[in-house]
Amino acid sequence: MKALVPVKRVIDYNVKVRVKADGSGVDLANVKMSMNPFDEIAVEEAIRLKEAGKVDEIVAVSIGVKQAQETLRTALAMGADRAILVVATDDVHADIEPLAVAKILKAIVDEEQPGLVLCGKQAIDNDMNATGQMLSALLGWSQATFASEVDVEGNSAKITREVDGGLQTISVKMPAIVTVDLRLNEPRYASLPNIMKAKKKPLDEKSAADYGVDVSPRLEVVKTEEPAQRAAGITVGSVDELIEKLKEAGAV
Amino acid sequence: MDFNLSEDHQLLSNTLNRFLGDNYDIEKRNEAGFTAPYHLQDMWNGLAELGVIGALVSEEKGGFGGSAEDISVVFEELGRSLCVEPMLGTLLALRVLSDHGQDERVEQIISGESRAALAVYEPNMSCDLSAMEATAVEQDGVWRLNGRKSAIYGAPGSDFVVVAAKTESGTGLFFLENPVLICAAMVDGGGVADLVMENTAAECLALDAETSLTSALDLGRIALCAEAVGAMSALQDLTVDYLKQRKQFGTTLSSFQALQHRAVNMQIEIEQCRSIVISAVGQFGQPGGERNVSMAKNLIGRAGRLMSEESIQLHGGIGMTWEYPGAHFAKRLVMIDHQLGDQNDHAMRLIATGAKQLVD
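Residue numbers (this note's numbering), protein chains in the order written: chain A, 1 to 252; chain B, 1001 to 1360.
Isolated chain A, as found in the complex (with noise of 0.2 Å):
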């Protein structure tokens, strides 16, 4: 069985984001890029999968700017077999929205029949969470969103979720999306060895209209901010004080 895994390249998260001064966005002038970490998880669990003997193909997808390349690299370096870029606009601030992300992987599924979809729950830099959802609607397979445990076994898998209050186990019919939640696995680092090896292995290069697929936006971003400063803290001199105060805030 074959699995694609898509992979976004998003700001590092140990970098502290910057609204651009006019508002109009996040500032990416200089900052470190990495892979989205949900889908560093992703790329991990199909290695898993490969290492366990379920998986014999691993093919990342990256779709966004040239630059997704060194993403790929990434991917390639942990253990991806191969990767696809599809170079889909030059503007390093342009994200290109779910549904058009959607488009160009169900593309992608029919070129390539992968027997399962291995993504991120969702991007950490515009939270989406819809592309794994959007994705399993347009090609009609079973989806499981929010994985903390996969297990494949033939022509299904049972995947644990995280819902809301705890953990539901579901089976769902392959060929399958599964999108990670966090607690799913611990990434492995790419070592030296496979950085180099990474070099050899074969990244070909697409646009969005080798799909036809229109990427243009339809929404429109109104404002970005800051989030409220948070406001100091005061010390209390007994739980009776501290009662009070929280009343006083109508916390209690």
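I should point out that these hints are in silico values taken from the structure, not numbers from a laboratory.
Positions of the beta carbon are idealized from the N, C-alpha and C atoms, including for glycine.
Please note that a few of the clues may not be correct.
[Unchecked claim] Dumping the calculated SDA-like pairs for lysine to any residue here, alpha-carbon to alpha-carbon at most 20 Å:
#, chain 1, residue 1, chain 2, residue 2
1, A, Lys197, B, Ser1006
2, B, Lys1244, A, Ala228
3, B, Lys1244, A, Gly25
[What the hints assert, rightly or not] Just so you have them, the derived chain B footprint on chain A, three or more residues with Cβ under 8 Å:
#, region
4, 73-85
5, 90-102
6, 195-201
[Unchecked claim] Not close to chain B: a few residues of chain A, all C-beta gaps over 12 Å, as computed:
#, residue
7, Met1
8, Lys32
9, Ser34
10, Glu51
11, Gly53
12, Asp110
13, Gln113
14, Asn129
15, Glu149
16, Glu162
17, Lys173
18, Glu226
19, Gly233
20, Thr235
21, Ser238
Here the structure of chain A is known, so what remains is to put chain B in place on it, guided by the hints.
Chain B only, in chain A's frame:
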């Protein structure tokens, strides 16, 4: 000119940054750095598994890199995390061992199976190899070493030490298994040792290895300079963050123009240091490349001290407390100046090589 890292180096840098960021916080580092054997074995194994030790040696000699650029990428990240693992000693030993066909030993070191250090310096010696006093004499088919070696970086807990000693043919290299060492922590953490040799039997690797030794030491200096650039960047980030948070006279320190100017001067120093390291890396192995190394080591020595002092000054008292990471970065930067020749030694070396060029 493109000063950006190549894709491979970027990936290596990211891997190391993440590995050290996830596993090597300042408390863990301080505990390891000041307690024998002055490093963490599981971290060392982790670095070996990632291929970081292999990055110090070329592919044809069993490693995965070995260029001055590979080494500077690794050490810059080590500096950023203030890593006390014995990478400098390992780099020096690996380079001379790989130059003298010790493939099996090189392989063992790269895999993390064994660890080595290089003993060059002596109590009465600066960075000039001709002042070396330790001797090696062959008696009845056995090489015997006499003399004292000091400042053997990364030696505590190592499986063997490669010793440089004077022979009739020049500066030779000798292999000493399970050496008896006098170990200590450096003032900034990390292990260092002295070695006293009295008719100590050793295996001869080379009778005249001065070229190989000089090249290994110069690579060590480039490594230290790159480490300093990483440490300076991290210290600058800490300082600027502090200035933006700390309030005095009802406003943040960062709003005072005098302090902004000092922070900018620190940033300029870092950029100068980064540039001179790039120059030393680019010229390494070229005729006259040792001049660039000495220029870099001299500038880094001066800039490191300035960065340490400015950072403590801008922080105030907290900047030199044990609990604050900035103090340990400051100590490391001051210590880097003294390793493998300080700013004065390298100014002298620069003058000497310049004079030699004029005569030639």
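Results for each hint:
no. : hint                 : result
1   : A/Lys197 - B/Ser1006 : holds (15 Å)
2   : B/Lys1244 - A/Ala228 : holds (17 Å)
3   : B/Lys1244 - A/Gly25  : violated (23 Å)
4   : 73-85                : holds (count 3)
5   : 90-102               : violated (count 0)
6   : 195-201              : holds (count 4)
7   : Met1                 : holds (28 Å)
8   : Lys32                : violated (9 Å)
9   : Ser34                : violated (7 Å)
10  : Glu51                : holds (16 Å)
11  : Gly53                : holds (23 Å)
12  : Asp110               : holds (30 Å)
13  : Gln113               : holds (30 Å)
14  : Asn129               : holds (25 Å)
15  : Glu149               : holds (23 Å)
16  : Glu162               : holds (22 Å)
17  : Lys173               : holds (37 Å)
18  : Glu226               : holds (14 Å)
19  : Gly233               : holds (15 Å)
20  : Thr235               : holds (17 Å)
21  : Ser238               : holds (28 Å)
In summary, the numbered hints that this structure violates are 3, 5, 8, 9.
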